[in-house]
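Asker: All chains should be built: construct the whole structure from the sequences, respecting the hints.
Listed below are the residues making up each chain.
4 protein chains.
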Amino acid sequence: MHHTTATLLVSCRDRTGLVAALSDFVFRHGGNIIDADQHAESGADNGQFFMRLRFDIGGFTLDRAGIAASLGALARKFELNHQISYSDKRQRVVIFVSKTPHCLYDLLLRQQLGELGGDIIAVVSNHRELQTVAGHFGLPFHYIPVGAAGKDEAEQQQLDLLASLDADLVVLARYMQVLSPRFLEQWHSRVINIHHSFLPAFVGAKPYHQAKERGVKIIGATAHYVTPQLDQGPIIEQDVIRVSHRDEVEDLVRKGRDLERQVLSRAVHAHLDRRVLISGTRTIVFT
Amino acid sequence: MHHTTATLLVSCRDRTGLVAALSDFVFRHGGNIIDADQHAESGADNGQFFMRLRFDIGGFTLDRAGIAASLGALARKFELNHQISYSDKRQRVVIFVSKTPHCLYDLLLRQQLGELGGDIIAVVSNHRELQTVAGHFGLPFHYIPVGAAGKDEAEQQQLDLLASLDADLVVLARYMQVLSPRFLEQWHSRVINIHHSFLPAFVGAKPYHQAKERGVKIIGATAHYVTPQLDQGPIIEQDVIRVSHRDEVEDLVRKGRDLERQVLSRAVHAHLDRRVLISGTRTIVFT
Amino acid sequence: MHHTTATLLVSCRDRTGLVAALSDFVFRHGGNIIDADQHAESGADNGQFFMRLRFDIGGFTLDRAGIAASLGALARKFELNHQISYSDKRQRVVIFVSKTPHCLYDLLLRQQLGELGGDIIAVVSNHRELQTVAGHFGLPFHYIPVGAAGKDEAEQQQLDLLASLDADLVVLARYMQVLSPRFLEQWHSRVINIHHSFLPAFVGAKPYHQAKERGVKIIGATAHYVTPQLDQGPIIEQDVIRVSHRDEVEDLVRKGRDLERQVLSRAVHAHLDRRVLISGTRTIVFT
Amino acid sequence: MHHTTATLLVSCRDRTGLVAALSDFVFRHGGNIIDADQHAESGADNGQFFMRLRFDIGGFTLDRAGIAASLGALARKFELNHQISYSDKRQRVVIFVSKTPHCLYDLLLRQQLGELGGDIIAVVSNHRELQTVAGHFGLPFHYIPVGAAGKDEAEQQQLDLLASLDADLVVLARYMQVLSPRFLEQWHSRVINIHHSFLPAFVGAKPYHQAKERGVKIIGATAHYVTPQLDQGPIIEQDVIRVSHRDEVEDLVRKGRDLERQVLSRAVHAHLDRRVLISGTRTIVFT
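Protein chains in written order, with the working numbering: chain R, 1 to 287; chain W, 1 to 287; chain D, 1 to 287; chain U, 1 to 287.
What the hints contain is simulated information worked out from the structure, not anything from laboratory work. For every residue, glycine included, the Cβ atom is placed at its ideal position computed from N, Cα and C. A hint or two may mislead.
Heads up, incomplete: computed chain R residues facing chain U, CB under 8 Å, no partners named [stated by the list, open to error]:
id : residue
1  : 42
2  : 200
3  : 216
4  : 218
5  : 230
6  : 231
7  : 235
8  : 284
Answerer: Shown next as C-alpha cells:
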C-alpha cells in the first residue's frame, strides 16, 4: 500500500532552472512527487537555495546506483550539495543517556507507537540506572563507564560500538558527558543533543537556577546538532513554557523536563524524516 | 531590485508529472522559481494535489496573455483548478466595520507600516463612529446605514460601491450585520470575517459568555471566508489564549480583542500574499 | 525539613470578613500561611468567593479532630463549602486504561520522578495489553474484562476493588468504556478523564477526523471530571497545538497523543495538589 | 456600582502571622477583601514573602491618612516593604517615542477602549513623526529634540515636563535613546521599556539580525523596568513567536512588532493594576 519513497535534500547557490531540472529528473524516470518544499533566500547573487523533494519510486526506471549517478551529474552541473535517502533504508539510532530517564522513555515509547521514521537499536550509558528501561522496551543496553582509564578509552569503545552496530545517528538524551572533538569529527552532523534552556540564553550549567535568578517569565529547551563549540551547534527545534514567581527551581526543573523530551523527540522525528538540512551554523527544517 | 513575481495556486486530483510540467513551464520561459510548496494528500486515486509556485518573471518570454493561454492548456490537460496573480497587480481591499475599532486600527496600521501585500482603499460602515479613524489614515469612509429602506437596499449600495471601487476583497472587521446569500454569491471566497471564538466551539452569539459559563481554560478566535451558512465557512487562521477563573467576561472580551485583531490580520495577510487555497469546506494555507 | 502542611479549599457566597476569619484561625493556632489565593467574583450579592489556603502545621495547637471541629463551626457561621487535606495523607490513585499506553507511561514516569503529590497504587484494565507496563513500574495490574456477564458486573468488580484499595481518585487514561451513572454517583468529582479534543468543539467520537474534515488550524485536548453527561463535566485543563494541511489524520492522532498525556498529567497534578475546586459546571484551578 | 478599592503590595522576610495581621487589619476597619494573592518562597529563614491584597473601602472606618498611619505601624512591626494605592487615584502615564508607531497606537487604542487602569496624559518625542497620532487620540505631544545643546539639556526638559505633568510612570514605546543614570535615579522603578528580544538572549542592538544568523526557531520580546545597566532591569513580561527559515529579517521585524506591542501593553496593564512588585533584580507579577 505504502510505496517506497525517496527523499532528496538539496542546498546550493540559487540559480534558475533548479526546480525544473530536479522535478524533470523525477518525472522522466517515472517517479511521482509527493511533497516538494523549496525556498530561495533573497540576497542577490549569494542567495541560498534549499529544497526537499519526496517522491514515490514504485515504478522508477532507474535503480539506486543509477539514481546516484544521475544526481551526481546534476550536482556537478548545478554545484549542489545533495543527499538522497530511501524510506526502506531506515536510519539506525543509538541513544546515549546517563541517569535521567524522561527523554529516554519518550523516545522509546514513540518507537513502540510507530511514530519514528527510523529504528532505535541500542542504548548506551555511563551508568547502570537505565538498563531496565532499555530492557522493558526490548533494547540492548551497553554500559560504558568513564572509568579510571579515562574518557578517551570510553569514547573509543563507543565509537567501536557505533561502528559495529552500523549506526546512523546518536541522540544525547540527557547524557552528561561532553563529547571530544575527535568523536564529533567522525559523527559530524549526526549527534543531536537536548539543552535545557532557550539558547542562546543561559548557555552552560544550571540554566534553571539562572532563569530563577534572572526572573524570566518563560523558560525553554533547545535541540541542536553537537559541534565542538559547547551549546553553539545548529538549532533544530525549540520550545518554551510560561513560568511565574510561584515556580521554585524544582518546578522549573519539572516543567523543563516536559519541554526537553518534547523538543528532543520532535528534533529526532524531523531528522529521521529527512526534514533537516544543515546550512552553516543553522538549520533549515522543512515542515 | 525586487522583480515582478507571479504566484500560481493549483489544486487538482493528484497525477504524476504535475510538478515537472509546471516547473518546466516556468523554466522554459525564463522564469526563476523563488518559492515552491506542494503537497499531495494520501488517499489513493482521489488524493488531492495542492501547489503554490512563486516565480520571478523579470525576464519571462511570455506576456500575461501568453501565460494565461499556456496555463489554460496545462489546466485542460491535467484538469487543474488554477489561479495566477502578479505582484504588480495588488489586490484592492475594502473594510466593513460597525462601531468597534480594534480590528480596523490593526489593519490600517499594518497598511501604513507596509506589511500588507495589497491596498486597503476604503472603509464602509453602517455607523459613523469610525469615520475619524479612516480619516486619520487618509482613507475614504462610506456611510451606508441599514435604514428604514431595509437591508436589501443597503446591500445594493455596498455592491455598487465595491463595483465602482474595483475591489477584490471585503474584510469584515467586526461588522455586525449578516450578509445575504445574494451578496455572498457575488463575493464568493472574497469575504473574510473574524469570529470571536475558537470555531467550531461556541458558534453564534455571545461566545465569551458561553466560554465563561462552560469554564473553558482557553479562548480563541477564528478568521474564515464567509459562506451563507453562519460560522461554517472555510477557516483561514485561528489562535487561542489562556484564561482563568480570575477573568470576568469583560476580561475575556479584552483578551478576545487581542486575538481577534491578530487572527484577522494574519488571515488577510495570507490571503493577500496568495497563500490561501480553498478546497471544499476547508483551506490550504501555504506557510 | 519539609513540614506537614494543610490545604484548605473554600467556596461560598461572598461575605466580608471571610479572609480575616480564616487567616486568623490559622494564626491563632500557630500555623504559618505558605500560600493564599483568594478570589471574589463580581456580581453583587450572589458573587462567589473561592479560596485556597495552604499552611504549615508543624507547631499547630489543634489536632486534626480539633481542626475539623473548628472549621465546622466556621463553615456553619459563614455557610462555607470547605475541604481540608494534609500533605502527609497522600491521595491514592487508580488508573483505568484500555490498550493505549501513552497516558499511562506519562503518569507512571511522573510518579517515578516524584512529581506527583499523590500515589498511583494500581492499574485497572479491560484488556491485558498494558500489564507489562504496570509491572515495569512495580504496580499491581487488575484485569477486569467487560465480558459476557456484561458491564454491570465488571463495574461492580471495579467498585469493589476501589473500595478494597481505599482509593481516592480514578484517572481514565484513555479508557474506552463509558462509566455508568451508578458508578459516577459514588465517584462524583473523583474521576478524571482525558478527551481528545478542545471541548466543547468536537464532542463525541473521532474528533481528529472531524478536525481534519473541518480544516481547523489548531487541535486540542481537554481533561475534565466525569459526569453522566458525556464530555460535559467540569473542565480542569486544556491545551492546543497548531496543525496544517500537511497533517494527515495519523499526524493529528500523533500530535493529539502529545497533548493528551500532558493535559491529563497536568490535571492530575493539579487535583493531587488540591488546587482544583469544583463550582457547579466549572472548576476553579488555583495556580 | 464599583466601589473604591485599595491595593496593598507587600514584600518582606517571611514570618508567621503576616496574612492574619493584614487581613485582620482590613476586616476590623470594615473593608472587604476582593482579591488576595500571597506567596512565601521556600528557603528557610531568608524566605521572601510577597502579597497583593485588594479590598473594597466603601465603608472603611479609617481615612487614607489613618490607613497610612496604621500600615506604617504594621510595617515597622513586621519589617515590611509596602505600597498602597487607591482605585480613584489613577496613575498618570507619559509615553516616550521616537519614530516607530506600533507600540504607541496599541497603548492609545487600549486607553480609548477603557482597558487601562491609568491615564495616558501625554506623548514625548525626540522626533515630530508621531505628532499626528497623539493628536488623533486627543493627547498633547511634546517635541523635545536631542539637539546641539546635547542630551543633558533634553533630559532636563523631560524631567521638568514630567514634574509639571505630575506623572507617575514613563513608558518607552520604542524610544531610541538611552536614559542617563541621573534620570533613572529619579524615576527608579517607574520607567518601563520594551526590548525586542527574549532577554537574556540577544542583548543589545539588531536582535533580529542576531536571531536570523543564529537560526533560532523562536523569537521573543521583553518588557522590563529600566535600570542603568542596559537590558538588565527586572523583567515584567515576555512572549515569543515561532519563526522559520522562510522568515527573512524583515519578516522577523514584522513578527517582532506584533510581539513588542502586546508584551509592552501587557506589562503596562499589569503595572497600572498594581500587580507588579519589584524584588531585587526580578519582579513578582500577581495574576
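Asker: Would you check whether residue 230 of chain R satisfies its interface hint, that is, whether its CB is within less than 8 Å of any CB in chain U?
Answerer: It is violated, given that the least Cβ distance between residue 230 of chain R and chain U is near 15 Å, above 8 Å.
Asker: May I ask you to test the interface hint for residue 218 of chain R with respect to chain U, counting a Cβ-Cβ separation under 8 Å as satisfied?
Answerer: holds (5 Å)
Asker: Given residue 235 of chain R as an interface hint, is its Cβ closer than 8 Å to any Cβ of chain U?
Answerer: Residue 235 of chain R check passes; min Cβ-Cβ to chain U is 5 Å, inside 8 Å.
Asker: The hint names residue 231 of chain R as touching chain U; please verify it with the least Cβ-Cβ distance against 8 Å.
Answerer: Hint violated; residue 231 of chain R Cβ to chain U Cβ min 11 Å, cut 8 Å.
Asker: With chain U as the partner, please determine if residue 42 of chain R meets the hint condition of a C-beta pair closer than 8 Å.
Answerer: holds (6 Å)
Asker: Regarding the hint that residue 216 of chain R lies at the interface with chain U, is the smallest CB-CB distance below 8 Å?
Answerer: Since the shortest Cβ distance to chain U is 6 Å, the answer is holds.
Asker: So, residue 200 of chain R near chain U? Judge it on the closest CB pair being under 8 Å.
Answerer: holds (5 Å)
Asker: So, as I understand it, the hint says residue 284 of chain R touches chain U; can you test that by seeing if any CB pair is closer than 8 Å?
Answerer: At 4 Å from the nearest chain U Cβ, residue 284 of chain R passes the 8 Å test, so the hint holds.
Taken one by one, the earlier hints fail for this structure at numbers 5, 6, listed in ascending order.
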